[in-house]
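Q: As given, the protein sequences belong to chains D and Z, one line each in that order. full-length UniProt numbering puts the first sequence at residues 1 to 216. full-length UniProt numbering puts the second sequence at residues 1 to 212.
Don't take every hint at face value.
To be verified - If you anchor each label on the Cβ, the simulated ranges turn out as follows:
#	chain 1	residue 1	chain 2	residue 2	range
1	D	G193	Z	R62	45 to 51 Å
2	D	L129	Z	L145	38 to 44 Å
3	Z	R149	D	I182	51 to 57 Å
4	Z	S128	D	L145	36 to 42 Å
5	D	A90	Z	R211	41 to 47 Å
6	D	S198	Z	E131	32 to 38 Å
Keep in mind that the hints were calculated from the coordinates and are not lab data. Here a beta-carbon is modelled for each residue, glycine too, at the ideal position from N, C-alpha and C.
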Amino acid sequence: MNGHVISTVGRSTNIKWHECPIGKLERQSLLGQKGCIVWITGLSGSGKSTLACALSRELYCRGRLSYVLDGDNLRHGLNSDLGFKQEDRAENIRRIGEVAKLFADAGVICIASLISPYRRDRDACRASLSEGTFIEVFMDMPLELCEARDVKGLYKLARVGNIKGFTGIDDPYEAPLNCEFIVSDCNTAEGWGMPFPSAMAEQVLSYMESKGYLRA
Amino acid sequence: MNGHVISTVGRSTNIKWHECPIGKLERQSLLGQKGCIVWITGLSGSGKSTLACALSRELYCRGRLSYVLDGDNLRHGLNSDLGFKQEDRAENIRRIGEVAKLFADAGVICIASLISPYRRDRDACRASLSEGTFIEVFMDMPLELCEARDVKGLYKLARVGNIKGFTGIDDPYEAPLNCEIVIQQKDGVCPSPSAMAEQVLSYMESKGYLRA
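Construct all of the structure, not just a fragment, from the sequences and the given hints.
A: The structure is reproduced here in structure tokens:
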């Protein structure tokens with residue numbers, strides 16, 4: 001068969017891996033950056049989407065291409081067939097991890113923003129990638145702070161039992177044990193709380209710059 | 001709730017669409033191109049992956065960012081839980097369509113290369129996108145030619161019944177009725193990979209995809 005390797009992968013038989021002359025290195029060189037995944041995890045209302053947007057904007061100002069994969073947004077399209085039971089959450093994360101992997105391979109700085117409450121699922125994502133591709137950012141905000149903000153009114157609904165299995169109320173959030181970056185609540189001009197979006201983005205950006213992600 | 005729209009989408013409840021200041025227009029401006037999907041469809045061995053790679057290379061030489069979503073490669077990762085029965089093929093195409101949509105939104109020229117034999121599934125992809133985002137390319141090569149090449153040895157296996165439901169042998173291929181580009185033989189000769197790529201590139205250039 002002319003050296004073609006035909007294999008069985010998952011539930012697909014007779015699959016061949018197709019190589020292409022233009023690969024990740026070429027694309028990174030074109031974009032002047034390293035494709036990677038910035039995986040932002042934390043409770044609902046901990047500032048994940050806010051950081052994702054701010055980071056995206058700061059990267060754009062520096063001429064870098066990024067793309068935000070937001071958990072909620074993905075549930076409008078690719079993951080519209082999934083609910084919130086444990087196995088659906090796991091599949092949600094698996095699929096987003098696979099998509100993020102494709103974006104990183106494309107040379108894009110892919111910013112994934114989703115609660116992703118189970119350690120095992122996040123670690124499985126990390127394990128499927130080559131070293132240095134996965135930058136895990138933990139939004140370490142206390143439940144009380146997130147609940148006080150209640151940005152989407154969901155904590156209120158969860159407290160009265162209108163939502164079941166809500167992370168932080170009656171479903172666990174498992175904090176990362178060894179992530180690359182932690183964003184914590186701090187003293188701001190408005191009192192103790194979440195850092196300003198641009199301040200958070202700057203911190204993550206400095207980390208990325210120091211590790212060489214912002215050059216090919 | 002401060003004007004947040006909380007909705008129920010699909011099987012997810014309490015979902016809010018998050019907006020971001022950096023959108024498709026900004027990314028296209030950064031890349032100097034329009035994000036879109038080049039969807040290459042055709043029989044196994046009709047040259048889809050070959051065209052995808054050639055097109056990707058030509059775009060790269062012109063400083064444009066593209067990314068190939070190959071049907072086989074996706075079955076190694078995102079779609080590793082799917083087989084080849086009809087509903088799995090439909091789900092395979094649905095997911096690849098959704099991923100391609102994300103790439104196009106990111107400003108990337110996304111080249112999807114997969115048999116995608118059912119018209120309804122390809123049309124559903126097209127329908128889910130805004131006008132002008134979907135460029136369908138039909139590899140119009142005769143079954144005899146594809147089978148004679150038998151690049152992966154699959155037609156042989158299908159003919160003796162070792163593979164069931166193989167497109168072109170015992171599962172239908174429904175050709176596009178109204179696609180943007182058709183790649184055919186000329187006087188019984190297949191175009192070279194670079195000639196095929198040039199054909200697609202000329203179309204894209206004339207329609208403005210290679211500028212923001």
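Q: If a hint holds in the structure, say so; if it does not, say that too.
A: Do the hints match the structure? See the list:
no.	hint	verdict
1	G193/D with R62/Z: 45 to 51 Å	48 Å, holds
2	L129/D with L145/Z: 38 to 44 Å	40 Å, holds
3	R149/Z with I182/D: 51 to 57 Å	55 Å, holds
4	S128/Z with L145/D: 36 to 42 Å	38 Å, holds
5	A90/D with R211/Z: 41 to 47 Å	42 Å, holds
6	S198/D with E131/Z: 32 to 38 Å	36 Å, holds
Of the numbered hints stated above, none is contradicted by the structure.
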